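S.K.: Given only the sequences and the hints, what does the whole structure look like? Please build it.
The sequence shown begins at 58 in the working numbering and counts up one residue at a time.
No lab work stands behind these hints, which were simulated from the structure alone. A portion of the hints provided could be inaccurate.
Within a straight-line C-alpha distance of at most 30 Å, the following computed DSS-like cross-link-like pairs (lysine-lysine) qualify [said to hold, decoys possible]:
(1) Lys199 to Lys148
(2) Lys478 to Lys493
(3) Lys471 to Lys321
Note that the coordinates shown come from a computational prediction; the quantities given were computed from them, not determined experimentally.
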Amino acid sequence: MKKILSLLLLSASVAAAKPIEPTPLDLKIISYTFNEEYDQAKKICEEQIKLNPVSPKYYYYLINTKMLEYYQKVAELDPEKRDEGRKTFNKEIIDYCESVIEKFDESKLNLENKFYLGAIHAYAARIYGIDGSWWGAFKSGKKAKSMMEEILKSDSQFYDSYLVLGMIEYYADRMSGVTGFIAGVLGLSGDREKGLSHLQLAYEKGKLTFGQSALTLIEVYSSLEGNEYAALPYFESFLTRFPKNKRTLNAYCHVLMNIWDFKKAENIIKNDKQNLIDDYAQARFYDIKGDSKLAIQYGESALENEKKLYRGGGAAVRYIIVFNSWLINDHAKVKKYESALNDRNKEAFENIKKNVSAGKWLHELSIQIASDTSVNDVENFTKLKPALGATNGFEGQFNLLIGMFYFKNNLFDKSEQFFNKALASINERDRSTAMKYLVEIYMRHDVDKKKVKNLISVIDDSKNSRLTYRSRDLEKKYNL
58 MKKILSLLLL SASVAAAKPI EPTPLDLKII SYTFNEEYDQ AKKICEEQIK LNPVSPKYYY
118 YLINTKMLEY YQKVAELDPE KRDEGRKTFN KEIIDYCESV IEKFDESKLN LENKFYLGAI
178 HAYAARIYGI DGSWWGAFKS GKKAKSMMEE ILKSDSQFYD SYLVLGMIEY YADRMSGVTG
238 FIAGVLGLSG DREKGLSHLQ LAYEKGKLTF GQSALTLIEV YSSLEGNEYA ALPYFESFLT
298 RFPKNKRTLN AYCHVLMNIW DFKKAENIIK NDKQNLIDDY AQARFYDIKG DSKLAIQYGE
358 SALENEKKLY RGGGAAVRYI IVFNSWLIND HAKVKKYESA LNDRNKEAFE NIKKNVSAGK
418 WLHELSIQIA SDTSVNDVEN FTKLKPALGA TNGFEGQFNL LIGMFYFKNN LFDKSEQFFN
478 KALASINERD RSTAMKYLVE IYMRHDVDKK KVKNLISVID DSKNSRLTYR SRDLEKKYNL
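M.R.: What follows is the structure, encoded as structure tokens:
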């Protein structure tokens with residue numbers, strides 16, 4: 058009899074530990090949501106809420122859809138109205154989350170439904186944080202954390218719970234000053250490494266939250282960590298499942314161009330049958346590839362819908378138009394757009410006009426690098442380098458371009474030399490980029506500890522928060 062009871066208990070515990078899988082209907086909602094077909098996703102969720110109002114499940118899916126739609130709505134507002142619009146959308150989502158939370162008694166929910174309710178608390182915490190309402194953020198975040206920890210005590214294989222825990226650990230660690238102090242007092246002091254580990258676990262083993270986990274890791278690595286190489290696999294796996302997600306696809310294209318992988322970027326742009334790649338990404342692509350006419354064409358098209366560009370996108374597009382119009386001697390277009398350049402781009406354009414041969418030579422060098430020209434040919438081209446001058450920033454640009462070229466071709470010793478030279482650039486962005494690549498080189502390959510210490514010192518002096526966090530990885534690797 059004891060043996061039979063033991064077997065029954067064992068089978069019951071195995072059944073309880075079985076991962077919760079999304080149903081076919083859930084998968085349809087997930088597909089609609091992450092492919093940015095929000096109306097279809099919301100329609101199904103609202104129908105299911107009416108059919109089963111005593112479960113938080115479809116409220117959870119509906120809020121997830123509303124959250125992603127929120128970013129799109131904010132992006133489509135006129136730039137000067139985005140702060141006001143963001144606050145309006147924040148209030149809408151927070152009010153909805155709180156109204157849903159009031160409907161349910163946590164103690165009466167099974168494990169799966171407890172996860173959905175806990176995730177809704179986490180959504181509320183995120184929006185409270187975006188809104189700067191820190192007390193609401195900490196209160197909701199603490200509740201979400203405790204619920205996820207309880208779920209894992211009951212079922213250690215409920216890996217989706219690690220998404221919320223990972224976000225809380227990571228983002229709490231990124232807080233500073235008074236905000237960070239309050240978070241610590243409330244038990245949300247955070248741990249970056251633990252947060253990244255939890256997020257990875259949810260991404261790899263979670264059954265319900267793949268989309269959210271992938272997007273969170275993309276945001277963490279490409280934006281907060283400034284580690285675009287680490288973000289690549291998450292971009293690629295997400296877009297394999299959700300190829301119509303325009304926002305993520307365009308962000309991926311920009312990351313590919315940032316790391317000079319123009320072969321992949323070109324493949325995406327040339328095979329874009331659904332017109333998902335926006336005009337700004339194409340203007341930037343053709344600018345660097347040296348097709349001035351297409352760069353101008355897509356740049357002007359992007360300005361027709363300027364309110365959909367990210368903040369600063371309009372300024373970047375205007376510079377692309379002005380520079381390429383100047384290259385092909387289209388004086389009318391230069392005159393039309395030059396006066397609208399921001400101060401930084403006006404200064405950059407004046408600098409090029411005063412140093413024509415150097416400016417055009419650097420542009421040709423960037424075209425060769427973007428076109429996968431051989432190492433031998435690029436090195437021969439650099440032998441023709443004109444006098445660039447130390448005070449106009451061109452020498453720093455040259456060092457950065459060649460450093461990235463050698464890095465792209467896995468010639469890390471040569472790459473390191475030029476990035477070290479670029480640290481002396483008068484341009485702060487060039488210096489930051491050089492530091493970022495040096496971190497990448499030292500993480501991929503073992504070097505003398507003295508070099509690492511020197512780089513960490515330079516990063517500390519720069520007060521660059523992204524690089525400061527990445528320098529922690531260097532300290533850990535080199536046991537500093």
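S.K.: Indicate, hint by hint, whether the structure satisfies it.
M.R.: Taking the hints in turn, this is what the structure says about them:
1. With a C-alpha separation of about 20 Å, the suggested pairing of Lys199 with Lys148 holds against the 30 Å cut-off.
2. Annotation: proposed proximity of Lys478 to Lys493 holds, straight-line Cα distance about 14 Å (limit 30 Å).
3. The hinted pair formed by Lys471 and Lys321 meets the criterion: a straight-line CA distance of about 24 Å does not exceed 30 Å.
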